[in-house]
Amino acid sequence: GAGVSQSPSNKVTEKGKDVELRCDPISGHTALYWYRQSLGQGLEFLIYFQGNSAPDKSGLPSDRFSAERTGGSVSTLTIQRTQQEDSAVYLCASSDGGAVDTQYFGPGTRLTVL
Amino acid sequence: QKEVEQNSGPLSVPEGAIASLNCTYSDRGSQSFFWYRQYSGKSPELIMSIYSNGDKEDGRFTAQLNKASQYVSLLIRDSQPSDSATYLCAVITYTGRRALTFGSGTRLQVQP
Chain B
1 GAGVSQSPSN KVTEKGKDVE LRCDPISGHT ALYWYRQSLG QGLEFLIYFQ GNSAPDKSGL
61 PSDRFSAERT GGSVSTLTIQ RTQQEDSAVY LCASSDGGAV DTQYFGPGTR LTVL
Chain F
115 QKEVEQNSGP LSVPEGAIAS LNCTYSDRGS QSFFWYRQYS GKSPELIMSI YSNGDKEDGR
175 FTAQLNKASQ YVSLLIRDSQ PSDSATYLCA VITYTGRRAL TFGSGTRLQV QP
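Protein sequence lines, in the order shown, are assigned to chains B and F.
The opening position of the first sequence corresponds to residue 1 in the numbering used here, with each subsequent residue numbered one higher.
The opening position of the second sequence corresponds to residue 115 in the numbering used here, with each subsequent residue numbered one higher.
So here's chain F without its partners, still in its complex pose (with noise of 0.2 Å):
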């Protein structure tokens, strides 16, 4: 079993729709839980961190942690072109090391 593990899609939603992109980890000792977004060619770019279970909201983006499933997801408000990446779960597990555990990432198009 993969320690953190996405779809890995495409997934693919119409403009002006919602995103939901979903990633579950193994280590229930994991603490931190970040989004990152890649564009193809560049590096990953932070979109959102969350910590504490529960809902956790910057602009157009929304955060959901639940530790007691290991589940975490990513929505994406009025999807726009523009959005079209792959977005990488990654996950700190504070038991072990402090390095990032990811997903293999889950490839968003956004449909005009």
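Just chain B, same shape as in the assembly (with noise of 0.2 Å):
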């Protein structure tokens, strides 16, 4: 069956502009996570979607970072006013959010800020 997708797969952009992330998560999944992977940083969390339950937002590094998941499916990941430390491989994961709750990666998307 279908994996997680995630769209585009690289985006260059400028140093102040603002940038949105896709991902469709596996069908049927009902919980879905965004990461982050920067050199010398590793794999960070950055939002956890649940259902219709209220999103967990800790991990969000500033106020610039933002997301939204439509219908209970797709969500998108918006980076306003990007920054040079914002460049980073974005990882979206989805999981059944059972009690096992195993994480399932998309492809990523590779973000340079110039």
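Just so you know, these hints were derived from the structure itself, not from any lab.
Just so we're clear, the structure is a prediction, and the values are computed from it rather than from any experiment.
Hints may be right or wrong, so weigh each one.
For lysine-lysine, the following DSSO-like pairs were computed, each having C-alpha atoms within a straight-line distance of at most 30 Å [claimed, not checked]:
id, chain 1, residue 1, chain 2, residue 2
1, B, Lys57, B, Lys17
2, F, Lys156, B, Lys57
3, F, Lys156, B, Lys17
4, B, Lys57, B, Lys15
5, F, Lys156, B, Lys15
6, B, Lys57, F, Lys116
7, F, Lys181, B, Lys57
8, F, Lys181, F, Lys170
9, F, Lys156, F, Lys170
10, F, Lys156, F, Lys116
11, B, Lys11, F, Lys156
12, F, Lys116, F, Lys170
With beta-carbon atoms standing in for the labels, derived distance ranges [stated by the list, open to error]:
id, chain 1, residue 1, chain 2, residue 2, range
13, B, Val74, F, Ser126, 35 to 45 Å
14, F, Ser183, B, Val100, 20 to 30 Å
15, B, Gln80, F, Ser183, 38 to 48 Å
16, F, Gly168, B, Gly3, 27 to 37 Å
Where chain B lies over chain F, by a calculated footprint (3+ residues, C-beta under 8 Å) [claimed, not checked]:
id, stretch
17, 153-162
18, 215-222
Just so you know, even glycine gets a beta-carbon here, dropped at the ideal spot from N, CA and C.
Taking the hints as your guide, dock the two standalone chains into a single complex.
Written out as structure tokens, the structure reads:
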């Protein structure tokens, strides 16, 4: 079956511009996660959506970052006024939200801020 | 102290040998443990999950969990050059958020 998909695969932007990254989770998965992987920082959690519950935003690094999930499916991560330190691979994962909560990752979006 | 610790490696083993990858975690409330494999330029791919103390085997892979020692390991038998990748240990603590907390990864090199 189809896995997690993300778009675009690569995004190059200029400092100060806004960007939107999209994630389409595995069909039927109620939980969706955003992570960021940058050189020297490893994989870090950003935000978590579970069903209709309020999202867990505890990992967002600044108020320039926001995310929404429409209709319990597709999610968009928005970064406003991008900075060079935002350059990273942004990974989306989804799970069935059950007790086991195994997360499956999409291919990621590589963001480069010039 | 990092929440999830791994030796960064590289761990180099000859083809056909057993590769042993180790991970320790700090939160005793951790409930679920995962090993992901990540090839260069690719996203993490799930290899194994383990929730109970003891061993769990899947093909050439065996995960071992010791909650008393807060220790998780992954054994890869009959290592192949295609196993060369970075192996990420990840933990979910249900006492906190349900996101994965990752170690920094161990780079494995299997020499033909």
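Hints, verified against the model:
no., hint, in the structure
1, B/Lys57 - B/Lys17, "22 Å, holds"
2, F/Lys156 - B/Lys57, "25 Å, holds"
3, F/Lys156 - B/Lys17, "26 Å, holds"
4, B/Lys57 - B/Lys15, "24 Å, holds"
5, F/Lys156 - B/Lys15, "25 Å, holds"
6, B/Lys57 - F/Lys116, "21 Å, holds"
7, F/Lys181 - B/Lys57, "29 Å, holds"
8, F/Lys181 - F/Lys170, "14 Å, holds"
9, F/Lys156 - F/Lys170, "26 Å, holds"
10, F/Lys156 - F/Lys116, "25 Å, holds"
11, B/Lys11 - F/Lys156, "16 Å, holds"
12, F/Lys116 - F/Lys170, "26 Å, holds"
13, B/Val74 - F/Ser126: 35 to 45 Å, "42 Å, holds"
14, F/Ser183 - B/Val100: 20 to 30 Å, "23 Å, holds"
15, B/Gln80 - F/Ser183: 38 to 48 Å, "45 Å, holds"
16, F/Gly168 - B/Gly3: 27 to 37 Å, "30 Å, holds"
17, 153-162, "holds (count 5)"
18, 215-222, "holds (count 5)"
Of the numbered hints given earlier, the model fails none.
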